[in-house]
Every structure is written in structure tokens, then in C-alpha cells.
Amino acid sequence: MEILSAPHLNIDQPAISAIIAVVVLTLIMTFAVMFATWYERKAVARIQQRLGPMRVGPWGLLQAFADTVKLVAKEDLRPATADPIAFEIAVFAIFVPAFLALVAIPFTEDWIVSPLPLSLLYLLAVSGLSFIGFLMAGWGSDSKYALLGGMRAAAQLISYEIPLILAMIGIVMVTGSLNVSDIIIFQDKVPLIVWQPLGFVIFLTASIAELERQPFDIPTGESEVAGGVFIEYSGIRWSMFQLTSYVNMYVFALLGAFVFLGGWEWPFGRDVGWAYQLLLTLVKMTAFIVFYLWARSTFPRLRVDQLMSYAWKVLIPFALLQIFLNGLIIVYGLPDVLLLVTSGAATVALGLLVYQQVRVEPRQPLEMVSNAVPARSMV
Amino acid sequence: MVAEHEAPEIVDIPINMGPQHPSTHGVFRMVLVITGEKVIDVTPHIGYMHRGGEKLMEAMDFRQGIGYADRTEYLAQFSAELGYVMAVERLMDIEVPERAEYIRVILTELNRLSSHFMFMGAFGIDSGLFGTSFTYAFREREYIQDLFEEVSGDRLMYAYFRVGGLAWEVTDNFVQRVHEVLKTSSKGIQDLDDLMTKNEIFMARCQNIGNFTADQAIANGLSGPMLRASGVPWDLRKDEPYSIYPKLSFEIPVGHYGDVYDRYLVRLEEMRQSVKIVEQALEHLPPEGPIVPEKMPRRLRTPPGEVYSKVESPRGEWGVYLVSRGGDKPYRLKMRSPSFCNLSALREMTIGQYLADAVVILGSMDIVLCDVDR
Numbered sequence: 030m031e032i033l034s035a036p037h038l039n040i041d042q043p044a045i046s047a048i049i050a051v052v053v054l055t056l057i058m059t060f061a062v063m064f065a066t067w068y069e070r071k072a073v074a075r076i077q078q079r080l081g082p083m084r085v086g087p088w089g090l091l092q093a094f095a096d097t098v099k100l101v102a103k104e105d106l107r108p109a110t111a112d113p114i115a116f117e118i119a120v121f122a123i124f125v126p127a128f129l130a131l132v133a134i135p136f137t138e139d140w141i142v143s144p145l146p147l148s149l150l151y152l153l154a155v156s157g158l159s160f161i162g163f164l165m166a167g168w169g170s171d172s173k174y175a176l177l178g179g180m181r182a183a184a185q186l187i188s189y190e191i192p193l194i195l196a197m198i199g200i201v202m203v204t205g206s207l208n209v210s211d212i213i214i215f216q217d218k219v220p221l222i223v224w225q226p227l228g229f230v231i232f233l234t235a236s237i238a239e240l241e242r243q244p245f246d247i248p249t250g251e252s253e254v255a256g257g258v259f260i261e262y263s264g265i266r267w268s269m270f271q272l273t274s275y276v277n278m279y280v281f282a283l284l285g286a287f288v289f290l291g292g293w294e295w296p297f298g299r300d301v302g303w304a305y306q307l308l309l310t311l312v313k314m315t316a317f318i319v320f321y322l323w324a325r326s327t328f329p330r331l332r333v334d335q336l337m338s339y340a341w342k343v344l345i346p347f348a349l350l351q352i353f354l355n356g357l358i359i360v361y362g363l364p365d366v367l368l369l370v371t372s373g374a375a376t377v378a379l380g381l382l383v384y385q386q387v388r389v390e391p392r393q394p395l396e397m398v399s400n401a402v403p404a405r406s407m408v
Numbered sequence: 034m035v036a037e038h039e040a041p042e043i044v045d046i047p048i049n050m051g052p053q054h055p056s057t058h059g060v061f062r063m064v065l066v067i068t069g070e071k072v073i074d075v076t077p078h079i080g081y082m083h084r085g086g087e088k089l090m091e092a093m094d095f096r097q098g099i100g101y102a103d104r105t106e107y108l109a110q111f112s113a114e115l116g117y118v119m120a121v122e123r124l125m126d127i128e129v130p131e132r133a134e135y136i137r138v139i140l141t142e143l144n145r146l147s148s149h150f151m152f153m154g155a156f157g158i159d160s161g162l163f164g165t166s167f168t169y170a171f172r173e174r175e176y177i178q179d180l181f182e183e184v185s186g187d188r189l190m191y192a193y194f195r196v197g198g199l200a201w202e203v204t205d206n207f208v209q210r211v212h213e214v215l216k217t218s219s220k221g222i223q224d225l226d227d228l229m230t231k232n233e234i235f236m237a238r239c240q241n242i243g244n245f246t247a248d249q250a251i252a253n254g255l256s257g258p259m260l261r262a263s264g265v266p267w268d269l270r271k272d273e274p275y276s277i278y279p280k281l282s283f284e285i286p287v288g289h290y291g292d293v294y295d296r297y298l299v300r301l302e303e304m305r306q307s308v309k310i311v312e313q314a315l316e317h318l319p320p321e322g323p324i325v326p327e328k329m330p331r332r333l334r335t336p337p338g339e340v341y342s343k344v345e346s347p348r349g350e351w352g353v354y355l356v357s358r359g360g361d362k363p364y365r366l367k368m369r370s371p372s373f374c375n376l377s378a379l380r381e382m383t384i385g386q387y388l389a390d391a392v393v394i395l396g397s398m399d400i401v402l403c404d405v406d407r
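First to last, the sequence lines map onto chains V and X. In terms of our numbering, the first sequence opens at residue 30 and continues consecutively. In terms of our numbering, the second sequence opens at residue 34 and continues consecutively.
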């Protein structure tokens, strides 16, 4: 129980300050999400050679507010045959865990609502709750598309939870702590991405799957299930789903920034003041978000069986390999460089494996015929 | 004692996809029966767009019918117009001036480009791209449509070809404008190639899906890129050449596997060949000359008879069967639309595949619902 009573952490804060912090954080995140929707539309538009929103406010900055007003003013529809309880509670079952996760996030060294000693465990546990909401929404809507989407969401979220957590176990083995703040402090010289490139790659792919973004947007795939679980929702409830997906994106981007890129610690150290620390956090978070947006607009969608086999046949074995290598090096006290070497080699192996598997057999290129044969002679 | 539970009943769910589904390319409806994610049965429903186009054309004289050919095949309008006017020309035995033939081929091949751009964009979305292929393709399509607008005065329903030639002379800077469009289009083709062809996920999604052998393809009456992807080197421009195609040198891409990926590759390569064809046609285009025959009757009257004329549209063999009993209207007109015949293979291709594949397979057929229903 040594971890639980870490001396430098003060859990005994008055309730009132915690409530204020939670309210402020929720408000800030709501605005941050509005900004994220604007930013996403702008960034994707840039990749797609469009302008994106331009009309509401300068560069369309107020577009998110206009959208919010429109969505809130819309009628809150519920299909007549839907299960009223499951249908309405599903929104909160997804919405609440996403915001709960924010409580344990150290934006700077001191800016944290609740300094939990096991904050990494807490973050992973809370972010794994949302699949219940997806199942409820899928089953409660009484729509076949929603049901398909809900089933796909449940299968995908549970499958990708495993490599995500296994990758984090590798981090915990190296740093020896389950506290995100401690993990950040551990990276004062070198960020963990250097020691654990394989873990980083696994985290990156699994987090996209957890966020249900392209190329893993199978539960909501527009061209297949036409929105999946969201298909029967409208107005404020639909916007809460969207809000949640952006909050989740922030949470995973922050988690990645803290755990792999050194958070507010690397490269300037701790003594630069809160402003620099916050800036560092935001820059690293933005790097992740830009990656998510980039992947979103340039990758097609995987199929559901490919998604499953990628999780179970590729990511999980490699995550276990990472844990095994870490254990070997830490237990026998081998030099730290080996962490980098073995993990890097395994990353390359993963890349090669995927490359090979896609090209199962070498395909013949197209044949170019300049004198076509009459079709009659073919039969 | 533990209550005995009955084993849960396993039911196959029928799912109605369309006519308002984002990826059925118009008002197509299919009822998929799925077990888990696998499709075990497909029932296509067509006819939502039926306007009785063939009957309508029987009430119009031969000049008015051209506009209806546009409205039938609204992505390859020039191909449809060409097929229709060629039928009437053959019946009336009219010789088309060379310059008109060249301009017709240039416009038809550019139309093939714009139609295939449409395919690339829509197919990217079907396979799950978030609209990037669509905006890329539509940027290029826009340049081509600008050119068509300058020539014909319309962006969608050109009605520019006439029996015997063309409606009016092209603009003065036509050759230069076509060169400009070819330049942007070649770059656009390369952009789409870079975006999709070698993408691992795209390959994993498209390869070995909806495979069709050459025999199956012929038995189902497929034509165009669908047939050529299955390994049958059959292209009307080579096989039963019409217009000035015999004078031009180009190649027909033929696939080996007959899967969705091959159909995509065949179309991509066809776009490059179209650019080549237009470049050659521009080179040989007579700088001036008549665009309609000198002794063109003012009123189009055909002798009694029947004729079947066919062209290689971007989707395959687009044919017009025309029966005339004399006079200025067709007695019976039947259109052989490649979309309709290609769509008939959907059931065979889709059964046994995943639900997500059904969308990709339908996308790879590149159907035009107006053309299917007529």
C-alpha cells in the first residue's frame, strides 16, 4: 500500500473546491470541444482542398456555437418502439465516463482536480465503461442499423481495450508507477516513446479504435450502417454523443502526451512555471489530435473481421512481447539501451508483418491489350 | 435448482438498405439477409426511378430524343448521345464529317474521364474514406464540366450532338482549353492513384472480394470495366470499332482476378488511356471543315427498318435498338444499359461476403440508377 500513501500527493482537499474545479473543468472542456469541432472541420477541409466553415464569425470560428443552438433547438425525437429507459439513459452512460476521466488528468504539475495515486488505472478503467452505453443505445433504439452498430461497438471497444492496457503495463513496468504524474516526472531526460516505441505504436492504433475514428470507425461507418448507434438520435442527445467522442479524443491525446511524450516535464524540466507546462501539454496533445485528423481523412475503413484479427492476432501478441522484453531487461538488470533496441526491432517486425499480410500473394499487374479479341472466341 | 434456459434462437436478420441509404448510389434498394455480419441473401429492388423513358422517346422526333439520351445516362451523357445519334445516322445512311467525328470522340473520352472521376470519388467513400477522394475527384471533374459548359452551354444535359454532326461549332480556344483540362486531369489521376492504390487498408478491403471469373462475367452479360477486370479483353472501341477509333492507338487494360481491386485498377488505367486518346485526337483534329453534312435534310425522316447501335460507355456497352416504320419518330426504341446488366451480377457476387463488402461491391459496379430504371 505504499503507492496509495505517496507523500507528495494531497488528496484531502475540501469538497467545495473539488466541486468548483469540476464545474470549471466541465465548462472549459465543453468550449474546448466546440473548438475541436471547428478545428477538425478546418483541418479536414484543408486536406480535402476545401475551405471548411467560413460564414459564421471570422474564419467560421463561431460555427460551433451556431451548430449548438441549432441542435439544442431541435425536437428530441424517440422512436415509438424504442425502449424509453435504455434509449435515454444510454446517452449519459457514454457521456459521464468521458467527463469522469478528466478528473485525473494533470494539465500542469499542480492543475489537477483530484491527484489520484492510481490515476493511470483510473483513466483506463473509466474510459472502458462507455461500451455499455453503446450497447444500450444500439439495443434500445429498436433499429437494425443501430443494433449492428451497437454490437460492432461493443466488440471493438472490448477488443482494443486489451492491447491498450497491455501497452500501458509495459510503461508501468519501466516507470514503476501507476500515477500519471509520476510517469511524467520519470521522463525528465528522455520521453518514454524512446524506450517503448512498440508500446507507442500499439497505443496509437488502439486509441484510434477506442475513439471509433477512421480507419476504425466501423460502429458508426457512414457508408455501411449509416451512423450506427446514433441513427435514431437527434437534437441534444445526438450532440451529446458527438461531444463525448471529442472529449474522448482529448482524453486519449492527453494520455498519449503524458505517457509517451513526457507531458509537461520533457524537455524543459519542471521549473518553468505553469504557463510553459500548460503550453507543452497543449502542444503535445495537439500533435496527437492532428495525427487523428490526418488518419481520419486519408484512410479507408477496415472491415469488421480484419479489425478483430488485427487486435487479436497482431496487437495483443506484440503487446505481450513488449511486456516480456521489458520484464527480461528489468529483472536481469540489463542496460536500458536494450529497451530501445528490442522494442524498436519489434516495431519494425510489426510493420513488416502487416505489409506482408496485406500482400498475401504477389498480384499480377494489369495486362495491356492493344488488339482486343472478339468476345465470341472466348466462349 | 437452476432454471433451465432455452438456447437462444439464432435468427437471420433481413436488413433493408436503401432507397435512401448513403451508399446505394441513388434510389437503389436491396434487402440483405445477414447472419452476424455475413450476407446470406440479397434481393435487389429497382424501379424507383422508372420514368418510361423508352416510351417517351417514341413520342419525340429524332432531334428531341437526344435530350432524353442525356437524361438516361447522366454521368456519360456524350456516350449516350453518340449511341443514339449513331443509330439514327445508320438508319438514314448519313456520313458524318471528319471534324465532327473528332470533336465527338474528344468530348466522349473527356466524358469517360469525368465519369471515372465520379467513380473514384464515390468508391473511396464506399470503402470508408472520409470524403478526401471525393473532393479530389470532384475538383478535376469540375474543370472538365467547365469545358463542356463552354462547348455545349450546359453542365449536365449537354444535348450537343446532332444526327449528322454537332449542334454548333466549338469555341475558338477549344484545343487550348482541352490541353489545359488534360493537364489538370493527368495530375488528378496521379493524386487519386497516390491516395488509394497502394494504401494497405484499401488493398485489404478490395482484394479478393466479389471475384468473378471470365465465364461467369460473360454468362451474366457484363460489359465494360467489369468484364475486362475479369480477364476478357473486350472493348467495343477495339472490337467493333466505330467513329474514328481505328485511327487512334490505345490499349485496353485487362485484369487477372476479377475482384473489386481489379475493377478499380482497370478504371484508373482507362483514365490514362483516355488522356492518350484525346491527345492523339487533338493532334489529328482538322483545323476547319463542316460539322454537319452538306446535304442534310431539314426534317429528319428515316426509311422503315431497324438498327442496333452500340458504344463503349464508361460503364460498358450502351446500345440503342431502334425500329422505324418511316416518319420522324421511332416506332420502338430499346436501350441496352450496361448499368442494368452489370447490376444483375450483384446477388452472385455478394452472397457469402461481409455486410461491409456488399457496399464496396455495389460501389465497384459504378451503376447509374437512371440508366438502370430508365
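Don't read these hints as lab results, they were simulated from the structure. Computed from a predicted structure; not experimentally measured. Idealized CB from N, CA, C, for every residue including glycine. There's no promise every hint is true.
To be verified - Here are a few chain V residues that face chain X, going by a calculated C-beta distance under 10 Å:
{"#": "1", "residue": "206"}
{"#": "2", "residue": "297"}
{"#": "3", "residue": "300"}
{"#": "4", "residue": "301"}
{"#": "5", "residue": "302"}
{"#": "6", "residue": "305"}
{"#": "7", "residue": "335"}
{"#": "8", "residue": "386"}
Unchecked claim - No more than 25 Å apart at the CA atoms, straight line, and that leaves these computed lysine-lysine pairs for DSS-like:
{"#": "9", "chain 1": "X", "residue 1": "88", "chain 2": "X", "residue 2": "309"}
{"#": "10", "chain 1": "X", "residue 1": "309", "chain 2": "X", "residue 2": "216"}
{"#": "11", "chain 1": "X", "residue 1": "71", "chain 2": "V", "residue 2": "173"}
{"#": "12", "chain 1": "V", "residue 1": "218", "chain 2": "V", "residue 2": "173"}
{"#": "13", "chain 1": "X", "residue 1": "343", "chain 2": "X", "residue 2": "231"}
{"#": "14", "chain 1": "X", "residue 1": "343", "chain 2": "V", "residue 2": "342"}
{"#": "15", "chain 1": "X", "residue 1": "216", "chain 2": "X", "residue 2": "231"}
{"#": "16", "chain 1": "X", "residue 1": "309", "chain 2": "X", "residue 2": "362"}
{"#": "17", "chain 1": "V", "residue 1": "342", "chain 2": "X", "residue 2": "231"}
Each hint tested on the structure:
Against a cut-off of 10 Å between C-beta atoms, the interface hint on residue 206 (chain V) is violated, since the closest Cβ of chain X lies about 36 Å away. Using the Cβ-Cβ criterion of 10 Å, the hint placing residue 297 (chain V) at the interface with chain X is not satisfied: the shortest such distance is roughly 36 Å. Taking 10 Å as the C-beta cut-off, the interface hint given for residue 300 (chain V) is violated, the closest approach to chain X being about 43 Å. For residue 301 (chain V), the shortest C-beta to C-beta distance to chain X is roughly 38 Å, which exceeds 10 Å, and the interface hint is violated.
This hint is violated: residue 302 (chain V) has a C-beta 40 Å from the nearest C-beta of chain X, more than the 10 Å allowed. Against a cut-off of 10 Å between C-beta atoms, the interface hint on residue 305 (chain V) is violated, since the closest Cβ of chain X lies about 35 Å away. The interface hint given for residue 335 (chain V) holds, since its Cβ lies 6 Å from the closest Cβ of chain X, which is under the 10 Å cut-off. Annotation: interface hint on residue 386 (chain V) holds; nearest CB of chain X at approximately 8 Å, less than 10 Å.
For the proposed pair residue 88 (chain X) and residue 309 (chain X), the alpha carbon gap of about 38 Å is over 25 Å, so the pair is violated. A C-alpha spacing of about 11 Å is found between residue 309 (chain X) and residue 216 (chain X), which places the hinted pair at or below 25 Å, so the restraint holds. With a C-alpha separation of about 14 Å, the suggested pair residue 71 (chain X) and residue 173 (chain V) falls inside the 25 Å cut-off, and the hint holds. Restraint check for residue 218 (chain V) and residue 173 (chain V): the C-alpha separation of about 53 Å exceeds 25 Å, so the hint is violated.
Under the criterion of a C-alpha separation no larger than 25 Å, the hint pairing residue 343 (chain X) with residue 231 (chain X) is inconsistent with the structure, at around 35 Å. Of the pairs offered as hints, the one joining residue 343 (chain X) and residue 342 (chain V) is violated, with about 51 Å between alpha carbons and a cut-off of 25 Å exceeded. Simply put, residue 216 (chain X) and residue 231 (chain X) have alpha-carbon atoms about 23 Å apart, close enough for the 25 Å limit, and the pair holds. A hinted pair counts as satisfied when its Cα atoms are at most 25 Å apart, and residue 309 (chain X) with residue 362 (chain X) does not qualify at roughly 38 Å.
For the hint pairing residue 342 (chain V) with residue 231 (chain X), the CA-to-CA distance comes to about 23 Å; that is within 25 Å, so the pair holds.
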